[in-house]
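For the record, the sequence lines run as chains A and B.
Read in order, the letters of the first sequence are residues -11 to 121 in the numbering used here.
Read in order, the letters of the second sequence are residues 70 to 472 in the numbering used here.
Don't read these hints as lab results, they were simulated from the structure.
Just so you know, not all the hints are guaranteed correct.
[Unchecked claim] Here are the simulated lysine-lysine pairs, PhoX-like style, with alpha carbons at most 20 Å apart:
1. K349(B) to K330(B)
2. K187(B) to K42(A)
3. K45(A) to K121(B)
4. K20(A) to K232(B)
5. K124(B) to K45(A)
6. K320(B) to K42(A)
7. K78(A) to K118(B)
8. K100(A) to K118(B)
9. K173(B) to K42(A)
10. K173(B) to K118(B)
11. K173(B) to K78(A)
12. K187(B) to K20(A)
13. K173(B) to K187(B)
14. K78(A) to K9(A)
[What the hints assert, rightly or not] Derived Cβ-Cβ restraints for the label pairs, each shown as a range:
15. P115(A) to S186(B): 54 to 62 Å
16. T239(B) to K45(A): 47 to 55 Å
17. T110(A) to E294(B): 50 to 58 Å
18. D169(B) to T110(A): 45 to 53 Å
19. D214(B) to K8(A): 30 to 38 Å
Everything numeric in this text was worked out from a predicted model, so none of it was measured.
Glycine included, every Cβ here is placed at the ideal spot set by N, Cα and C.
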Amino acid sequence: MSKNGSANCLYSELKLLKMKKYLLLLHEDIEKMQQLSPKEMEELGNSHMAWAEKLGKSGHLISGEGLEENSVQISGKDSIVKDGTFLESKEMIGGYYLLQAKDLKTVIELAKGCPCHLYGGTTEIRPIMEYEE
Amino acid sequence: MKNKNASVVESSYRTFYGKLFSALFSQFGANYVSEIEDAIQNSFYKSLKSWKPNKVPTNKENWLFIVARNDVLNQIKRENQLQSEIHFKSTEETKNPIEDLRLKTILFLAKSKNVSSKVKVIFILKNIFGLHINEISECTLLSQDAIYKSISRAKKDFRQATKDTDFDLTFKQVSENEIAIVEEILYAVFNIGFDSFSEKIKSIINEDLCLEALALAKILSDQFERTTTKNLLALFCFHLARIPSKVKNNKIISFFEQDKKNWNNDFIKLAFHYLEKPEKLNKYYVEALIASKHMTATKNDIEHWNEIIKLYKIMLSLSNSPIMKLNLCYCLSKAQKIDEAKALLETVENELPNEHIYLSLVKANIFNNKQTLESEKIIDQVLKNINQKIRREYILENMSTDF
């Protein structure tokens, strides 16, 4: 009995190891976000929390953070530093979630429920590159 | 029930908005209203991104206050205005940010001269009660454009009005007229909350808004002890008492169909406690009286309606509201005074926007007695314009008989 039990445990661990990682980028519609009423803001916050909690419980969530608006860009071999918030663009990456799932299809289904979509936002899934040695 | 409501009020962003605005307003003054508005919006946005299921600050209001205050300071720094020796009260000098300054701020704004009452009300709805422009538009029947204009007008006017006055939020030196403006504002806010629809949460009442108006009216009453404020409290309590039976299974229940057993007796008792006869009649007293008559009536016969009609006629000598006129129209039709109802209806039609839903419903109800075809036509039009499922169902179910 106990042998079977530990075998099962090992099996699920192996299954977990086979999970692939995905980066979910949240592109927010800045204009819409600035127009939200306090009530909508509160509802959106609660939805994000509920969503993250659900993903945490199902074992799909590795981490997730919101991003500040200011950004610094460094480019070229001379490493030219450009400072500032790039507010001229309509969309901005407002945050990310690092997720794990057995395949892309599952992540797409999960991402569909992301509250980012409620107010004009777009989510983008980027599978993390992983190759076995 | 009270505990549950208290927690709702505690955690509402709308309440936070008003509290943060008042606290920052008392610190930075009328010169920086736009900065304060942006800062509060930003602090909400930041909370959205950084609070997580297991990482929510214990004192949310304080967290938001600190973030918003730093934001205002940063904005001012960016505008390079700090160099010109502007003195701000430091946080130590200002009272505890947690202290509720909302009523003091409302009074301060009400006191400002050269700012019209309408502009004051709109400004306060937005910044003290945290209502969004489109929510204000729904309840005031004003266009969103007009509201935007009023808000920016208000900012300019308040800046002007407070230029030479010593800026301090206080309960001192308040006139009767200023208190009356505050009462009017709380009355408006309560009515908005009492008829506030949300498709998402299947609700037709914004209870926290009603309770906030009640709470502030109570502070106002304790502070200045005016009978009108007590009458206003009475009115609030009569309405609040009926909330538990206003909606059932996601359907609106009309006043006459409500299960009276579900009415909250504590609120009814409180309402009668505040229903003190004033020396000079005021509209809150008469409206509270009407509510009390409806709620205590044992039968709805013509005699009852005639009594209500009498009260509405007194009401119209105190208030010019087209909605009150519509209420009277409805009562007249219930008392079989159809011609009188129609005549009054004609005058109201010029005062309200075309296809105003309540107007159409009263009209349909009056015509329902004789000209069914006419009535049906109006109802069809109303249903076309209504995009709220719960209301549509209500009308469909009730218009065949009554509403």
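Satisfaction of hint between K42(A) and K187(B), Cα-Cα up to 20 Å | violated, 46 Å
Does the alpha-carbon distance linking K45(A) and K121(B) stay inside the 20 Å limit?
-> holds, 14 Å
Verify the proposed pairing of K124(B) with K45(A), using a straight-line Cα cut of 20 Å.
-> At roughly 16 Å apart (the allowed maximum being 20 Å), K45(A) and K124(B) satisfy the hint.
Does the hinted range 30 to 38 Å hold for D214(B) and K8(A) at CB?
-> violated, 51 Å
Does K173(B) pair with K118(B) here, judged by a C-alpha cut-off of 20 Å?
-> violated, 32 Å
Under the criterion that the straight-line Cα-Cα distance not exceed 20 Å, is the pair K20(A), K232(B) satisfied?
-> violated, 34 Å
Quickly compare the C-alpha distance for K349(B) and K330(B) to 20 Å and report which way the hint goes.
-> violated, 34 Å
Hint check for K45(A) and T239(B) - Cβ pair distance inside 47 to 55 Å = Holds - the Cβ-Cβ distance for T239(B) and K45(A), about 51 Å, lies within 47 to 55 Å.
Are the Cα atoms of K78(A) and K118(B) separated by 20 Å or less?
-> holds, 19 Å
Straight-line alpha-carbon gap K173(B) to K187(B), limit 20 Å = holds, 19 Å
Within a Cα-Cα threshold of 20 Å, do K78(A) and K9(A) meet the stated pairing?
-> violated, 28 Å
Do the alpha carbons of K173(B) and K78(A) lie within 20 Å of each other, as the hint requires?
-> violated, 39 Å
Comparing the model with each numbered hint stated earlier shows that hints 1, 2, 4, 6, 9, 10, 11, 12, 14, 18 and 19 do not hold.
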